[in-house]
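Undergrad: Listed here are the chains, written in short residue letters.
There are 2 protein chains.
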Amino acid sequence: MNTYFASFLEANQISQVQSDLEEYGKDRTKMHAPDPSIILFPKTTEHVSKILSYCNNNNISVVPSGGRTGLSGAAMAPNKEVVISLSKMNSIASVDSIGSLIEVEAGAILESIQAEVAKNGLYFPLDFASKGTAQIGGCISTNAGGVKVIKYGMTRDIVLGLEVVLMSGEILDLNKKLIKDNSGYNLIQPFIGSEGTLGVITKATLKCVPKPSNPQVALFACESFEQIPEILKEVRTAGYDLAAFEFFTSSGKDAVISHINSISYPFEEEYEFFTLIEICASKDDDMIDLMEILAEKELIIDGTTAENSSEVENLWGLRENISESVSMMGNVHKNDISVPVSKLIEFVTKLEKLVNTKYSQYHLVLFGHIGDGNIHVNIIDKEDRNISDFKKETHILDQEMFELIRSLNGSISAEHGIGLLKKEGLKYRRTELEISLMKQIKAVFDPKNLLNPGKIF
Amino acid sequence: MNTYFASFLEANQISQVQSDLEEYGKDRTKMHAPDPSIILFPKTTEHVSKILSYCNNNNISVVPSGGRTGLSGAAMAPNKEVVISLSKMNSIASVDSIGSLIEVEAGAILESIQAEVAKNGLYFPLDFASKGTAQIGGCISTNAGGVKVIKYGMTRDIVLGLEVVLMSGEILDLNKKLIKDNSGYNLIQPFIGSEGTLGVITKATLKCVPKPSNPQVALFACESFEQIPEILKEVRTAGYDLAAFEFFTSSGKDAVISHINSISYPFEEEYEFFTLIEICASKDDDMIDLMEILAEKELIIDGTTAENSSEVENLWGLRENISESVSMMGNVHKNDISVPVSKLIEFVTKLEKLVNTKYSQYHLVLFGHIGDGNIHVNIIDKEDRNISDFKKETHILDQEMFELIRSLNGSISAEHGIGLLKKEGLKYRRTELEISLMKQIKAVFDPKNLLNPGKIF
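Residue numbers (my numbering), protein chains in the order written: chain A, 1278 to 1734; chain B, 1278 to 1734.
Mixed in with the good hints, there may be bad ones.
Just so you know, same-sequence chains aren't split out, so a pair can sit in one copy or run between any two.
To be verified - Calculated cross-link-like contacts (lysine-lysine; reagent style BS3-like; alpha-carbon spacing at most 25 Å):
#: 1; residue 1: K1453; residue 2: K1510
#: 2; residue 1: K1428; residue 2: K1488
#: 3; residue 1: K1408; residue 2: K1635
#: 4; residue 1: K1560; residue 2: K1488
#: 5; residue 1: K1488; residue 2: K1574
#: 6; residue 1: K1725; residue 2: K1357
#: 7; residue 1: K1716; residue 2: K1659
These are calculated hints, taken from the structure and not from any lab test.
Isolated chain A (complex conformation) (with noise of 0.2 Å):
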C-alpha cells in the first residue's frame, strides 16, 4: 500500500508519525480512540481518485478529514482506515463578481473564504465559532448551520458546484458556476449532509451575497421563555428582515461572566431569559422602534441595542462563548436538536419538568439558534460524580429526551449530524423506510461501504 502511494505523493504528503495518526484520525468527540493506518495529504482531485480507486480495489476502508471540528464522531477513524486529509487542497480563487461566486479547494478554512470574499465587497453567509479551523469541505459534508442560517439557510443554500471523487476514483464534476440548471436529477444535493459517506468533496463553488446593510443588533430580557417565540412572530409579521435570533437563560449568562473577563452584562438587574436579535434595518432607528413596540407589548422587561462595534461584540459575546465557558462547569452532555419552531414552548416546558422531577443532580443549560427551532441542550452534572454514571444516567435521559422530540416531530440532530455517536438516535427521528431508502441510496455511490464506513447507519 505505502509503496504505491509513495509512487504519487511526496514524503510530505505521506504520514504514519503517531502523533499525526491521532490528530488527523479524529474530531472534536471522545468517545472513541483515533487509530486510523495512515494519513495522506493529496494536492489534486488526481491524487485523491488514485487513492480511492486504489482503496477500492483492494477493499480499504477510508475517512475523508476536514478541519476536524465535527461533533458527532464522524471524522473519526477508529478501524486501520486510511485518512484522506484535505488540508494541502486549501486554495481560494478570486471571486466573481459578476456571478457573485467563489471558487475553492475543499480544504480552504471558512474564515480565509469570508475574507476574500469581504475584499470584494460581497459577503459570504456562512458563519459559526469554528470558522478558524472548519475547512469548507466538512461544512458541506455536515451542511453546517451557524448564526445566520434564519436568513441565509444552511450550507445546503449556497453550494452551487462540487468537485466529488466517487469510491471508485470516477470524478464528477457537478455545476460548476452555473446558477440554474434543471437537466435530469440534481446530484450536488446527496453529497451535502451526507458526512462524507457518499463520495470526497475535492472543490466547490458557493454563493456570495450583498454585504447586509445596516446591521442591528441589540439583547432583550423577558420574564418567561413564552414571550420568546411571541417575540419572534412580532418581529417577522412587522417586516423586519431578521438576521439572527438567539436565545440563551441566566445559567449559560453567568457561566459566560464567570469565565470570561473581556465580556460584561449589560443590565442593572438580573433576569432569566434572553434574546438576542440581529436585523437588517432599513433606517437607523428600527431597532430602537423594535424593542419600544415589543415593550409596549410586554414582551420585554429590559432591553438594550449595541450602539457601536465593541457593544455589538459584547453582546454577541454573551451568546457565543456559553458553550466554552458551559464546559468549564465539570461534567456536561451536549445534544443539538431542533423542534418545530411553533412546539418550543412545548418542548423547553416538558424538558425542564422531565430534568427538574427525575434528574435534579443535573443542571439544565439551554441556548441555541431559537428563531430556528434548533436549541443546544447542555446537561451539567451539578455534584460532579464519576464521569462513568453521568454517561449511563445522561444516555437514559436522552431516550426520554429523544422521545418527546420525536413526539412534537423534532429532530434529534439539528446541525451536528449523526457520526457514529447519534447512531442510536436516528431512528426517533427517521422511519425504517427512510432508513432503508438511505442505504440503498448509500449503494448506489459506494457499492462496496469503504467509504467512511459505520458512520450514520
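Given the structure of chain A, go ahead and fit chain B onto it with the hints provided.
TA: What follows is chain B alone, placed relative to chain A:
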C-alpha cells in the same frame, strides 16, 4: 382496474371522458398527442397511495399531473397511462407566522399561496408568469425558477418539507415544519426537480420571507450586450440588494409593443439592448443614484425609474409579455438555456454569429433572467414556411447551439426540465457517469420503472 378505483373514489374522481383524457394527459407542449387510459382525482394522500400501490402491483404506468403549464412534456401521458391529477388536493393551511412557513397540498395554485402568505404580512418568493395556473406540486417537481431567483433562489431553496407517495404506495412524511435537520441523508432533495419520476408529491411545507422593503424598478438601455454583465458587476459590488436583473433586446420589445396595446415604450429614442432591474432599496433615491453611477461609467445610454405602481407594471410588462408576443409572430422554436454569468457575452456573440451566417432565414429573439445566466432563445421563421421544414432545421440548429453551450459549461435546460422534449439534449449537459447514477437513483425509488416512464432518460 376501474372497479378497483371505484371502490374508494367517488364518480367525480374518475374520468374517461375524451375531453378530460386530452386535457389532463398533456402539458403546454404539442410534440406528442395525449392518450391516457383514465384520469383519477384523488382527494387524500391515502387515495394516492392506493392508486400507486395497485398500479405497481399490476405493472401499470402512472403519470402525475399538476397545473399542466410545463414546457418540456414531463406531464404528457401518450401511452395509455393512468393519470393522477392533484387538482382536488389543493388546500392551503394558514401561515405559521412564528416559523414563517406555510403548509399546502400539492394541487394548490401558486397565486393562491402567494395571496395567503401576503395576507399574513409575509412574502412568498416564488413567482413566474403562469402563477395563476401552476400547481405547487408541479413547481416542486420541476424545481421552478422565475423572476426572483437572483434574490430567493429556485423552488429547491424554499422547500422545508414534503409528503411523497412512492410507486410502492409507501408514504414518506419528510421534515414537515422543521427548519434544521441533519439526521442522515436528506430525502426531500431527490424529489425536487425530478419531474415526477421518483414519487408523487402530495403535500409541502414552504418557506415564507419578509416582505421586500422598498422595491424599486428601472429600465436601462445599453449600446451593446457587453455592457449588461458589466452593469450586473457594478450593481453587485456597489452592494445593491438585487431582486431581479432581466434582459431583452429591441426585437422582443417591438413584439410586445405591436401585440399588447396596454404596454408603452418609455423612451423617445430607439435602442437595441435593455436591462430591467429591481432592487430592495435601503433609501428612497437608491435607484436614481444607481442610474447616475451607470451613466457616469457609460454603461447605459438611457434609463427610467418607475415612479408608481402603474409604471412598475408597464416596465415589467415589457419584459413579461415577450414570450407570448413572440409566439404571435409565426413559427417559433424555443430553448431555455443557461451559461455561467461570466460567459454570457461569449455565448451571445457566438450564437448571433451562428444564426446570422448559417441560419439567416431566422430571426433570433433573446431575453431572460440574465442575472442568473438564463437566456430564453427564440428562433422565429422570418418567412413563415412549412412547419415540418422549420422543425427539421431548428433541430439541426439545436445540436450546434447545444455544442456551444456544452463548451461554455452551460445547461441546455435552465428552468424547464428535460421531460420528453429535451431527452436528446441531456447528453450535452450530463456525463455518462451522471446519467448512470441517475438511473440507479430512479431504480431505488421506482424499481419497476412505472412512474412517469420515458421522461428525462
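Undergrad: Tell me the hint numbers this structure goes against, listed in increasing order.
TA: Those not satisfied are hints 3, 7.
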